[in-house]
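Peer 1: Protein chains in written order, with our numbering: chain A, 70 to 210; chain B, 70 to 210; chain C, 70 to 210; chain D, 70 to 210.
Don't read these hints as lab results, they were simulated from the structure.
Among these hints, one or two may not hold up.
Since the list can't tell identical chains apart, any single copy or any two copies may satisfy a pair.
Computed list of lysine-lysine pairs in PhoX-like fashion (alpha-carbon distance at most 20 Å, straight line) [said to hold, decoys possible]:
1) LYS89 <-> LYS139
2) LYS157 <-> LYS136
3) LYS157 <-> LYS201
Protein chains: 4
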Amino acid sequence: MALSETIKVRVRFSEVDSIKMVWHGNYVQYLEDAREAFGSKYGLEYMRFYENGCLVPMYDLHLKYVKSAKAGDILAVKITWEKVYGAKLIFKYDIRREIDNELILTAESVQLFTSLDGELMLLCPPFYEEWKQRWIEEARK
Amino acid sequence: MALSETIKVRVRFSEVDSIKMVWHGNYVQYLEDAREAFGSKYGLEYMRFYENGCLVPMYDLHLKYVKSAKAGDILAVKITWEKVYGAKLIFKYDIRREIDNELILTAESVQLFTSLDGELMLLCPPFYEEWKQRWIEEARK
Amino acid sequence: MALSETIKVRVRFSEVDSIKMVWHGNYVQYLEDAREAFGSKYGLEYMRFYENGCLVPMYDLHLKYVKSAKAGDILAVKITWEKVYGAKLIFKYDIRREIDNELILTAESVQLFTSLDGELMLLCPPFYEEWKQRWIEEARK
Amino acid sequence: MALSETIKVRVRFSEVDSIKMVWHGNYVQYLEDAREAFGSKYGLEYMRFYENGCLVPMYDLHLKYVKSAKAGDILAVKITWEKVYGAKLIFKYDIRREIDNELILTAESVQLFTSLDGELMLLCPPFYEEWKQRWIEEARK
Numbered sequence: 070m071a072l073s074e075t076i077k078v079r080v081r082f083s084e085v086d087s088i089k090m091v092w093h094g095n096y097v098q099y100l101e102d103a104r105e106a107f108g109s110k111y112g113l114e115y116m117r118f119y120e121n122g123c124l125v126p127m128y129d130l131h132l133k134y135v136k137s138a139k140a141g142d143i144l145a146v147k148i149t150w151e152k153v154y155g156a157k158l159i160f161k162y163d164i165r166r167e168i169d170n171e172l173i174l175t176a177e178s179v180q181l182f183t184s185l186d187g188e189l190m191l192l193c194p195p196f197y198e199e200w201k202q203r204w205i206e207e208a209r210k
Numbered sequence: 070m071a072l073s074e075t076i077k078v079r080v081r082f083s084e085v086d087s088i089k090m091v092w093h094g095n096y097v098q099y100l101e102d103a104r105e106a107f108g109s110k111y112g113l114e115y116m117r118f119y120e121n122g123c124l125v126p127m128y129d130l131h132l133k134y135v136k137s138a139k140a141g142d143i144l145a146v147k148i149t150w151e152k153v154y155g156a157k158l159i160f161k162y163d164i165r166r167e168i169d170n171e172l173i174l175t176a177e178s179v180q181l182f183t184s185l186d187g188e189l190m191l192l193c194p195p196f197y198e199e200w201k202q203r204w205i206e207e208a209r210k
Numbered sequence: 070m071a072l073s074e075t076i077k078v079r080v081r082f083s084e085v086d087s088i089k090m091v092w093h094g095n096y097v098q099y100l101e102d103a104r105e106a107f108g109s110k111y112g113l114e115y116m117r118f119y120e121n122g123c124l125v126p127m128y129d130l131h132l133k134y135v136k137s138a139k140a141g142d143i144l145a146v147k148i149t150w151e152k153v154y155g156a157k158l159i160f161k162y163d164i165r166r167e168i169d170n171e172l173i174l175t176a177e178s179v180q181l182f183t184s185l186d187g188e189l190m191l192l193c194p195p196f197y198e199e200w201k202q203r204w205i206e207e208a209r210k
Numbered sequence: 070m071a072l073s074e075t076i077k078v079r080v081r082f083s084e085v086d087s088i089k090m091v092w093h094g095n096y097v098q099y100l101e102d103a104r105e106a107f108g109s110k111y112g113l114e115y116m117r118f119y120e121n122g123c124l125v126p127m128y129d130l131h132l133k134y135v136k137s138a139k140a141g142d143i144l145a146v147k148i149t150w151e152k153v154y155g156a157k158l159i160f161k162y163d164i165r166r167e168i169d170n171e172l173i174l175t176a177e178s179v180q181l182f183t184s185l186d187g188e189l190m191l192l193c194p195p196f197y198e199e200w201k202q203r204w205i206e207e208a209r210k
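Build out the structure end to end from the sequences listed, making use of the hints.
Peer 2: Quick look at the structure:
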């Protein structure tokens, strides 16, 4: 089982810096775009968490830059959900240049669960546990 | 009377584009930085409005680009409050390169007053009327 | 004749501010996205100008904010080329919320032509004159 | 010996998201601001590298989010240079809220050296080796 989604991002003129390469901070946005798309596809949007009384703040974000991208490049941003035991949400990512499949970046993000006023939750929120069970069973079929 | 404030902004590496000039959209942030500094100086912060039950959404923003700035340039962003009659908040701005006083940009912003749920206010909120009176009297001294 | 293009933009979570509305500066990016799409559609990309020895820096940008948009909203950004006589490039824009066609923003941008080292061009670059003629004739058919 | 620099950053209104906390991607900019300040203090600016025929692209960036910051918070961003043997540039960072010294974020960045056209350099550029020697000797005094 691999829950994943891939989005296409076109590098904007304003996202490259004076050496004509994407400014390294902008990839963080592309990863969030992929997370949002993943959420839409699998019913795990931010709003879904919010309505269930929790937030999923970023806890750890690790980016490894392999090659640079430039304005106009089409990037394929792939996000994959990682099955883990603790009360956290982990995604892995890789970004490839569409035209030649060249690897641009890999990344991993860890998010925690908190209540709406920011208190850390030591267990996954029930709706997320159910979501997880459903997908794990789906995969066994 | 001229209520005004000037801030210094250093152009960041990430704010210039591939032709090594500040990307034109980034000036909007510099203007907001100046508004925040003006608010701190004269007691007119966003929070002040908020605590008085109102928001001041942008309604009209007009930027005139005169010269370009590049990474590392120190810019002096001057904001001046405009005395007007209607229920709106108007500021004028000019941005100059500090080293040679060269004019980079002029701008004008118009903000309206709304309630916290976004309903337009046809009169200035009372605390702002008082603020205005106080400064107009101050200026007469 | 109306040369125009419309793109769809989905408001990102990171583009809204603490009152859950799109931060007003972010619309400048949406307008640039529309200009890039217009350029791709009609053969008027930045690169095209660059290869012909010129840049088209922003000279005047005027935004009128009508309504706010929030995270997740799909916006239709329409850009229309304006036929003008002088050596400048003018576009008009309107942004509507897709779901109910509500008008969110209107804008107008004026760009000038400069050489690659920033010297103002008093006449349109020849390739742009040809582009203009071609489209004007196209429209007469 | 610890070569370090600390800058103060005031969280902007536009940098917080709809839950009123700094959007996690914005910290990447604060870290770059600190690197630029470090460069100015110790003579290691991007321009210095550029004039010596090299670039220092980001290779690995690891952020650990401890607490959230909100609009108006003053953050102290501390950057420390790490002495390493290979041909890379490593910095460690911590960000603290000024008012109570609360830890907000820690991070580490690894940059590599490339020629101006992006070819990886397996040895540090000579001017950087000299820079390193000078500071190591300075520290022995």
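Peer 1: A separate judgement is required for each hint: does it hold in the structure or not?
Peer 2: Here's how the hints hold up against the structure:
1. Within a single copy, LYS89 and LYS139 get their C-alpha atoms as close as 6 Å, and across copies as close as 14 Å, so both meet the 20 Å cut-off.
2. With identical chains, the CA atoms of LYS157 and LYS136 are at most 20 Å apart between copies only, with a shortest distance of 16 Å across copies and 30 Å within one.
3. Within a single copy, LYS157 and LYS201 get their C-alpha atoms as close as 12 Å, which meets the 20 Å cut-off; across copies the closest is 41 Å, which misses it.
Against the hints set out earlier in the document, no violation occurs for any number.
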